[in-house]
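First to last, the protein sequences are chains G and Y. Taking this note's numbering, the leading residue of the first sequence gets 1, the next gets one more, and so forth. Taking this note's numbering, the leading residue of the second sequence gets 1001, the next gets one more, and so forth.
Just so you know, the hints here were simulated from the structure itself, not pulled from any lab data. Keep in mind that a hint or two might mislead.
[Stated by the list, open to error] No farther apart than 30 Å at their CA atoms in a straight line, the calculated lysine-lysine pairs in the DSS-like style are these:
no.	chain 1	residue 1	chain 2	residue 2
1	Y	Lys1017	G	Lys32
2	Y	Lys1068	G	Lys251
3	Y	Lys1124	G	Lys32
Here's the letter readout for the chains.
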Amino acid sequence: MPLDLDAVRGARVNRSAADHRAATLASRRSVKREWQAGWLLRAVTMIDLTTLAGDDTQGRVRRLCGKARRPVRSDLLASLGVPASEVAAAAVCVYHALVPAARDALRGSGIPVAAVSTGFPAGLAPFGTRLAEIRESVEAGAEEVDVVITRGSVLRGGWERLYDEVAGFRDACGDAHMKVILGVGELGTLANVRRAATVAMMAGADFVKTSTGKETVNATLPSGIVLARAVRDYHGATGIRVGLKAAGGLKTARDALSWLVLVKEELGDAWMDPRLFRIGASSLLADIERQLEHHVTGRYSAFHRHPLG
Amino acid sequence: MDETLPPVPRTAGPENKAALVREAFASPDYGPAPESDQFAGEWLRDGRRDFGHFIGGRWTGGNGAKRKTRCPADGRLLATFRHGTGDDVDRATAAARAALPAWQELGGHGRARHLYRLARQLQKRSRLFAVVESLDNGKPVRESRDLDIPLAARHFHHHAGWAQLLASEFPGYERVGAVGQIIPWNFPLLMLAWKVAPALAAGCTVVLKPAEYTPLTALLFAEVADETGLPPGVLNVVTGDGATGAALVRHPDIAKVAFTGSTEVGRDIRRATAGTGKHLSLELGGKSPFVVFDSADLDAAVEGVVDGVWFNQGQVCCAGSRLLVQESVEDEMHDRLRARMERIRVGHPLDKAIDMGALVDRVQMDRVRGYLEAGRADGAAIWQPETPVPEDGFFMPPTLCTGAPASSSIVTEEIFGPVLVSLTFRTPAEAVALANDTRYGLAASVWTEDLSLALDVAPAIKAGTVWVNCTNRFDAASGFGGYRESGFGREGGREGMWEYLKPIARGARTGGAADPAGHVAAPAEGGPPDPASRPRRRIDHPRDRIDRTRKLWIGGVQKRPDGGCSLTVADPAGTPVAEVPRGNRKDVRNAVEAAAGARARWGGGSGHLRAQILYFVAENLAARADEFAAELTRGTGADEAGAEAEVEAAVQSLFTFAAWADKHDGRVHSTPFRNVTFAMNEPVGTVAVRCADRTPLAGVAGPIAAALSQGNVAVVVLPERFPVPGLDFVQVMETSDIPAGAVNVLSGIHREVMPTLAAHDDVDQVWDFVADELSGDAERLSAGNLKRVWVDREGAVDWLAPSARQGDLLLRKGTRVKNIWVPYGV
């Protein structure tokens, strides 16, 4: 849809109320026992299993892809009564250079490769370069592209500029699934988070995503609440369901459950689906595996009992 | 109902665990998340526990009937307890009285240790307390776990601090004595903490009566206090119902009554304690406004409504049950609210994933339903979400009422259930007018991102607590309490400590209450003099003076009395010296109306302006000092030195309170949230002052100065026998820029004017410096609008020898604390 500046500028967010909601959300909704196990398995299917390090290699990515195909030990799944075929990561997320390796390793699994792009993480490369990067990643086999916005546009109130930037990314992505990383930790205020998300959705984002994982502050629950409400209002206005991705800082099974409760409470059951909610993470999976094993055996588990991702 | 332990929701056995996991994986529903009731069950011996009262450190059955308490969510029997009789109350009060000296002697530090220990005990046994509370009351265990119990512990921690600091922070004050405390069923342990902690910190001993629906946590608390060494008699718990409470209220050895509950019972207690000299604090009902401006974060406001009116099933005295939403965002607000209401989960209180549990009793549920029917009959649309609600137990879904006429009982009355009534406004001024259009004044919540608007509206709302962009925040460091018919007194913070303290009696300090001015004593015993029986001698007018016609002063104008009657005033020897107007009930009416007209402007003006005017009054009085001294000598029989001293004291009082006009600062409380909690000293409003004969000038000018200084307006009833100096003082005020109506002066027979004044619904406070039977009547008559009545029975105020402490006391009497919570953050 075209840029609606009134909707963007009129956004009001009360920080303390968002913090209060975040602090009480999880304590209002205790998910225990069998439901916890079921919810954690659901969380596994929402994970964009991610490696974004300077020392990433083909071998490292192949191992991660193996983990994405089979994120939870099959004996545990058998005990939990869930077929292994139903439990895989949502995607594998890598830098452009590793897209071919990931594509090859995931062939036949149905798991898409996601490429971070557009001068990730700062996003300050020349615009043409950023567009070219998207096209090359898509050509190399990325079905999903995680783009980053120019945070300066938000901080300077340059909403038209931001809109044009994201719309340009949209064009370059073509049919690829576009997740727009807002870098919420660098936007200064929650109102800015809401405004940036709204512009990104108007410009054609399939997903809005909290963070690159490289900022000092990444996916916090209050920013998640604000994004979820922006998504909800956009759906109300257009009928379009935009997805939400939390990335950066989610390390424990408890974090994953808190985010699922947030999504269920603020967005509803339709978003409790990998097509509309993702978690970008690397170490989170290992903690979930331990909790699942505890559920099966009744004993607290250890990291080394689960295959490395 | 079944007497054995019925099912709390439990998860399935191992055989179908896997099926459940698969189901939970397939559909994103919440499962049951039961809190274990094992420890509570053990403590209650699965319902077989039979509690007595806790009196003088011992458990005693007493002679009252047995009662049972049940869980409102499933009807299970929790325990048996006793209905406390007058005998039980006698014994408990005697125990409390007997424990007073030792508890006092223990000193602040010694008491601080006990309070600290109680705080720690609440933390150490928090789970047992939380589960027992939820079983007994029906509230979600999440709330008792996360709010009730931690806040109760916080109150004991905070007040351990006040015990420690008592001597240095409250010099010249002492504990009021043995206190009777009656608490409600909606926050049983938290209300216990709000009452018991400050009382014990101040050095009082306590007889506590918990509500008959929810006696258990008070009994558990008594058990813990006993086990951990609280001295016997310091805390006594007598269980029972209203009759037990009434016995406690009426007990002659109870020095103070503290009550939280309904306004109707509050009125009864006001009447029952009238004339007894008992101190009283009342925390009563409310119909608190929840004001949403178009500049609000509406999603945040919707969550606020959830916290405001569906917290504790709406059984909260300060529930934000009246939604006032700006017309421009009405539809959007309602849409968002309805969508949110669909997600509210109602279920067993021990399920940790629910938002609302059961109402406390069938009686309460029927009451709430009755209101809904009345609302529907009045034309309101009643909406409830599809949320599943358990069929057994006293459960109700969250409810939204729209389109109700302003006169409907669902708009005006406290429902005390999960019912929100929504109204609209157009402008900030209309929002304030609607917010204040209620007999109550407990709390309010204001939602806007516009700071200027918030800080304009918050002080304008007549309520003891205003939450900006938040709601139902409580903390021990901040006082809580009402305006208007929501009661008086504060609980929490420095302001709450005063409720359990009184000035150390003057006699005790000076060794005798001599009258330094050498006046004749106060009026003759046995009531006011009957003018008819006065000597009917001629007034001895000096031939060279023109007759003086003294009038009432109402609305800035000297008025002849409505009744067209005068009284002849005589000097102590019985010689008539003047004729003064005999005010009647219509004069009272006119004076109160004039005061109401001046209230907003005088109260809203700056302290600097008020100071200038009071200094000006002092200046003009000083200029006529000789004349006033002569009048005092002639009319009241004072000797020359005494008369001069009284004029000087009046000038001094005017200076003192002029000085205080811009210095009685509020505070910023240290509450543990990211917010500024500022405690503002607001004027009480219209103060009716009853002046005593012993200080016919200083005792008139002083209270006027004290009242005006803090932004109050006054209706002054002059000393009955010696009204002349006060009437002459009118001339001084008249020429000193006091705005019309800010002070109104009546003379006459107290018994003819005071009852009208004390009963008047637009008078906010009575100061009575006479302290006789009429004062008790004033207290009784004040029950209508529950105005504050201060009768200076202890002689704390001496207008001839003002002390620093006395000034402080009057400043506090002339103001009430409003706490405004303003969270911040970007």
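Each hint, compared with the structure:
1. The suggested pairing of Lys1017(Y) with Lys32(G) holds, with an alpha-carbon distance near 12 Å, which does not exceed 30 Å.
2. Between the alpha carbons of Lys1068(Y) and Lys251(G) the distance comes to roughly 49 Å, so the proposed pair goes past 30 Å and is violated.
3. The straight-line distance between the Cα atoms of Lys1124(Y) and Lys32(G) is roughly 24 Å, inside the 30 Å bound, and the hint therefore holds.
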